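K.L.:
With the hints as constraints, model all of the structure from the sequences given.
Here this note's numbering is used: the first residue of the sequence shown is 640, the next is one more, and so on.
No wet-lab data here; the hints were simulated from the structure.
The structure displayed is predicted, hence computed values, not measured ones.
A few of these clues could be false.
As the list claims (entries may be wrong) - Derived DEER-like restraints, expressed as beta-carbon distance ranges:
(1) Ala753 with Glu702: 42 to 52 Å
(2) Ile668 with Glu643: 14 to 24 Å
(3) Glu702 with Asn645: 20 to 30 Å
(4) Asp685 with Ala753: 33 to 43 Å
(5) Glu720 with Ala687: 13 to 23 Å
(6) Asp650 with Asp747: 16 to 26 Å
(7) Asp703 with Ala753: 17 to 27 Å
(8) Ala753 with Phe686: 17 to 27 Å
(9) Phe686 with Ala653: 11 to 21 Å
(10) Val694 with Thr669: 16 to 26 Å
(11) Thr700 with Glu655: 15 to 25 Å
(12) Thr669 with Glu693: 15 to 25 Å
Note that CB positions come from ideal geometry on N, CA and C, so glycine has one too.
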Amino acid sequence: FFLEINKLVNDSVAGESNIKLALFSAHDITLSNFMKGMGQEYLYPDFAANILFEVYHKSGTPEDSKDLTDYYMKTIFNNTELLLPGCSSTKCELTTVLDYFTSYSITDVPAACAATSEDTPEVGERYFLAPY
Numbered sequence: 640f641f642l643e644i645n646k647l648v649n650d651s652v653a654g655e656s657n658i659k660l661a662l663f664s665a666h667d668i669t670l671s672n673f674m675k676g677m678g679q680e681y682l683y684p685d686f687a688a689n690i691l692f693e694v695y696h697k698s699g700t701p702e703d704s705k706d707l708t709d710y711y712m713k714t715i716f717n718n719t720e721l722l723l724p725g726c727s728s729t730k731c732e733l734t735t736v737l738d739y740f741t742s743y744s745i746t747d748v749p750a751a752c753a754a755t756s757e758d759t760p761e762v763g764e765r766y767f768l769a770p771y
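P.N.:
Written out as structure tokens, the structure is:
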């Protein structure tokens with residue numbers, strides 16, 4: 640899912656897409672795991688919980704800029720702005736957020752599925768398991 644967000648944002652900034660809003664739906668445990676992947680504490684979301692990713696153009700930069708460094712992202716969970724890992728404020732450099740999302744993405748599924756237990760980090764080291 641992180642890769643899907645990256646693609647939507649990159650295509651929009653590059654002018655390759657005119658999508659202004661994308662909506663996804665998920666179960667509560669999926670949302671919990673997603674939040675954990677964004678460095679947030681484990682939580683059990685309320686009914687109708689939501690996460691917003693808002694991309695803003697920095698003031699003082701060209702309006703039609705296709706440079707990712709001219710943008711920042713705010714991540715909001717149920718009307719509360721989140722501080723993501725690697726960010727110094729809730730208005731985070733877009734490249735920082737996208738790089739973080741990429742670091743949690745599996746691009747080669749067959750190779751990832753073939754990994755042995757010696758290849759995978761301990762729980763809490765890089766990946767996570769959420770209780771049910």
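K.L.:
Decide, hint by hint, whether the structure agrees.
P.N.:
Structure-based check of all given hints:
Roughly 47 Å separates the CB atoms of Ala753 and Glu702, a value that falls within the hinted 42 to 52 Å. The hinted range of 14 to 24 Å is satisfied by Ile668 and Glu643, whose Cβ atoms lie roughly 19 Å apart. For Glu702 and Asn645, the hinted distance range of 20 to 30 Å is satisfied, since their beta carbons lie about 23 Å from each other. Between Asp685 and Ala753 the beta carbons are some 38 Å apart, a value that agrees with the proposed interval 33 to 43 Å.
Between Glu720 and Ala687 the beta carbon distance is about 19 Å. The supplied range of 13 to 23 Å therefore holds. A beta carbon spacing of about 22 Å between Asp650 and Asp747 agrees with the range 16 to 26 Å that was offered as a hint. Taking the beta carbon of each, Asp703 and Ala753 are about 44 Å apart, not inside 17 to 27 Å as hinted. Range check, Ala753 to Phe686: about 39 Å between beta-carbon atoms, so the 17 to 27 Å window is missed.
Take Phe686 and Ala653: their Cβ atoms lie about 37 Å apart, and the range 11 to 21 Å is violated. At roughly 23 Å, the beta carbons of Val694 and Thr669 sit within the given window of 16 to 26 Å. Taken as a hint, the range 15 to 25 Å holds for the pair Thr700 and Glu655, whose Cβ atoms sit roughly 19 Å apart. Between Thr669 and Glu693 the beta carbons are some 21 Å apart, a value that agrees with the proposed interval 15 to 25 Å.
Hint compliance for this structure: hints 7, 8, 9 are not met, and every other hint is.
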